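Novice: Spelled out, the chains give:
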Amino acid sequence: MTQKKKKLPRVFEYFRDEDQFAGGVAFCAGCPLELTLRILSKVLGRETIIVGTPSCSAPVLYGQNIGTWHRLPYYSCLMTGVASSATGLVRYYRKIGKDVTVVCFTGDGCAADVGFQPLSGAAERNENFIYICYDNEGYMNTGIQRSSTTPFGAATTTTPVGVVGRGKEMSAKNLPLIMAMHRVPYVATATLSHMEDFIKKLLKAKEKKNEGFVYIHVFSPCPVGWGIESDSAIQVCRMAVRTNYFPLWEAERGRFRLTHTVATPKPVTEYTKLIRKFRHLTEEELARLQEEVNSNFAFLHHLAEFETPKAC
Amino acid sequence: MGERMFIEGNIAVGWGAASAGCQAFFGYPITPQNEITEWFAREFPKMGRIFAQSQSELGSINLVYGAAAAGVRAMTSTSGPGWSLMQETMSDMANAELPCVVVDVQRGGPGGGPIRHAQQDYFQCTRGGGHGDYRNIVLAPASSQESCDLVQLAFYLADKYRNPVVVMTDAIIGRLRETVEVEKIEFGPLPDKDWAVKGKARHKDGKRRIVDHSGDLLRRYPSYRALLQSLEQKMKQMQESELRYEGYKMEDASLILVAYGYTARVAKEAVNMARADGIKAGLIRLITAWPFPYQVIREKACQGGKFLVVEDSLGQVIEDVRFAVEGRAEVHLVSILDRHIPTDGGMILPDKVFDKIKEIQ
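Chains A and B, in that order, are what the protein sequence lines are. If you count the first sequence from 1, position 204 lands on 229 in my numbering, and the numbers rise without skipping. If you count the second sequence from 1, position 128 lands on 132 in my numbering, and the numbers rise without skipping.
No lab work stands behind these hints, which were simulated from the structure alone. Computed from a predicted structure; not experimentally measured. Beta carbons: idealized from backbone N, C-alpha and C, even for Gly. Possibly wrong hints are sitting among the right ones.
Claimed, not checked - Ranges between beta-carbon positions, derived for each pair:
no.	chain 1	residue 1	chain 2	residue 2	range
1	B	Lys202	A	Lys120	52 to 60 angstroms
2	A	Asn319	B	Leu318	42 to 50 angstroms
3	B	Tyr225	A	Gly122	36 to 44 angstroms
4	A	Glu149	B	Gly251	55 to 63 angstroms
5	A	Glu43	B	Thr183	52 to 60 angstroms
6	B	Gly117	A	Ser196	31 to 39 angstroms
7	A	Ile121	B	Gly115	20 to 28 angstroms
8	B	Ala205	A	Val188	28 to 36 angstroms
9	A	Val189	B	His217	30 to 38 angstroms
10	A	Gly122	B	Leu232	48 to 56 angstroms
For reference, chain A alone in the conformation it holds in the complex (with noise of 0.2 angstroms):
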């Protein structure tokens, strides 16, 4: 008699481990950095170690008061060198020959500029850990202030909607394009509403980790910096995916694969209209905004010659 095996749900296969958060953490409310880390921990499983700054994440993993919402080992170092922080406890356990999982889990502020030299040189040496940068498009730990990866047009404190100023002027910095151009092992972008996707590329990640470097975007909204309802997150996420603003691939060595298209892209207004930080936008500068997304993407498209799945 052949023995039926229940069938799981798909996410839940991948997991590897028990939760290693607490219920009800400290992030405000609606905010989908919980959500990461939770699966974070759960896919790369116990032996991880989680290095971490001054950011948003910081009030849980570093812990407010009188604790952490969690179980994981926390390495709270410094902006400006986290990567070369990690690189040093990286080299240790691997001396010592202990497999574990280093993470480096930053903001955007921490990866695209006051911490990309050392995340610039950590890549280039291909040192054998995993880098996540929760990308919300701004210094949102300080009081939203802008950073290079802001879009343009966003209104932050630092770009007022005003008299003059009409948002930020300038566009974003493609940081995990800059990253795959370093040649690492694996670098990828992923977000939460295509979570399937997202735990794939962890597993992946846990693996290519050994071959050295591994990039992962998490493109991760932030309800209060940018205007948008608490219970939103994910749907701007899939929408963030399904007009190509931000597309999901990864590239190995610099081989670059769409894990994800889309059929029929949606114009960006789509988009746009769920965020209050791009309601004062005219026709002419959405326009704009479009015409970036749709060179970023087709750029992407470019580079992705292989292996890109067929659309659904």
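Got chain A; can you put chain B on it based on the hints?
Specialist: Below, chain B without anything else, positioned relative to chain A:
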């Protein structure tokens, strides 16, 4: 009469800079100085002046370096960790003899530390902060009004001495909302910035200018020694002419409190409490943390006074006071360990200082 506003100390810094004719501000987010950066982002473009947010504090101070070399009044602001990052460039600017203003809104340390108030950057600010032989004038406001006024003074002194000037506030002074009268202060004429790199056509002699940071290249000085002599001369002159402090009930005081910033306001309250109790207490409030009033304190020590330093650190100002009295008088300390609660939200309260006054008098 200037315009009266009810604003935070951090915002007052902005209005002060605008009144002083600051043309460029470069910043980077760090708590508790974010209001300064945000104010400049909001107001400076309206005034047709320059605001840029850089990629790090290293970026902001080097942007200031560039603007200062062009002869423009430029400034930046930061807090503890960012202040440490800026030191290499600050030292470089002292060598290149370029004026700039840096506002350090002090927060707790060491390292990342808490993001709330403390007064632990005193050593770093008053001893130069970076490598090499140099000092910066350090102005320490104790109210929103003073934040506005001292920033204006800072620009004047920076141009006068061609040296960076530091405005050292703290998170309490920075976030304290008070009535401020914003008025442009005239300090007198300044020499023309003929050294600035503006392009040959804009200089009367039609010659190029070079801004450099190494004295032995024979551009500005005939030798390295000449550079050092010039810097020493400058530091001496600052010490002689730029000392500022406020004496409060000092005439007959036998117990002298020494403090700056928010703890000076605490100390003032404690002095009032002591006077009401019949204790002859007085206060020396530092307005310039460097130059330090060594001579004033030494004279008081010779007259047999006792000293009580009130500061929100483990003891930094107290070393300068001990140095001044040279063992002639008792020096006591109310430190960060005497805060009313042990968390980072704790403060030194007047009651605590008054208790200490009663204990030592």
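Novice: Hints first: check each against the structure and report whether it holds.
Specialist: Results for each hint:
1. B/Lys202 / A/Lys120: 52 to 60 angstroms: Given a distance of about 56 angstroms, which is inside 52 to 60 angstroms, the answer is holds.
2. A/Asn319 / B/Leu318: 42 to 50 angstroms: Given range 42 to 50 angstroms: violated, Cβ gap about 58 angstroms.
3. B/Tyr225 / A/Gly122: 36 to 44 angstroms: Check failed, 58 angstroms falls outside 36 to 44 angstroms.
4. A/Glu149 / B/Gly251: 55 to 63 angstroms: 59 angstroms, holds
5. A/Glu43 / B/Thr183: 52 to 60 angstroms: 57 angstroms, holds
6. B/Gly117 / A/Ser196: 31 to 39 angstroms: 35 angstroms, holds
7. A/Ile121 / B/Gly115: 20 to 28 angstroms: Given about 27 angstroms between the Cβ atoms, the range holds.
8. B/Ala205 / A/Val188: 28 to 36 angstroms: Holds - the Cβ-Cβ distance for B/Ala205 and A/Val188, about 34 angstroms, lies within 28 to 36 angstroms.
9. A/Val189 / B/His217: 30 to 38 angstroms: The hinted range 30 to 38 angstroms holds for A/Val189 and B/His217, with Cβ atoms some 36 angstroms apart.
10. A/Gly122 / B/Leu232: 48 to 56 angstroms: 54 angstroms, holds
The structure fails to meet hints 2 and 3 from the earlier list, while all remaining hints are met.
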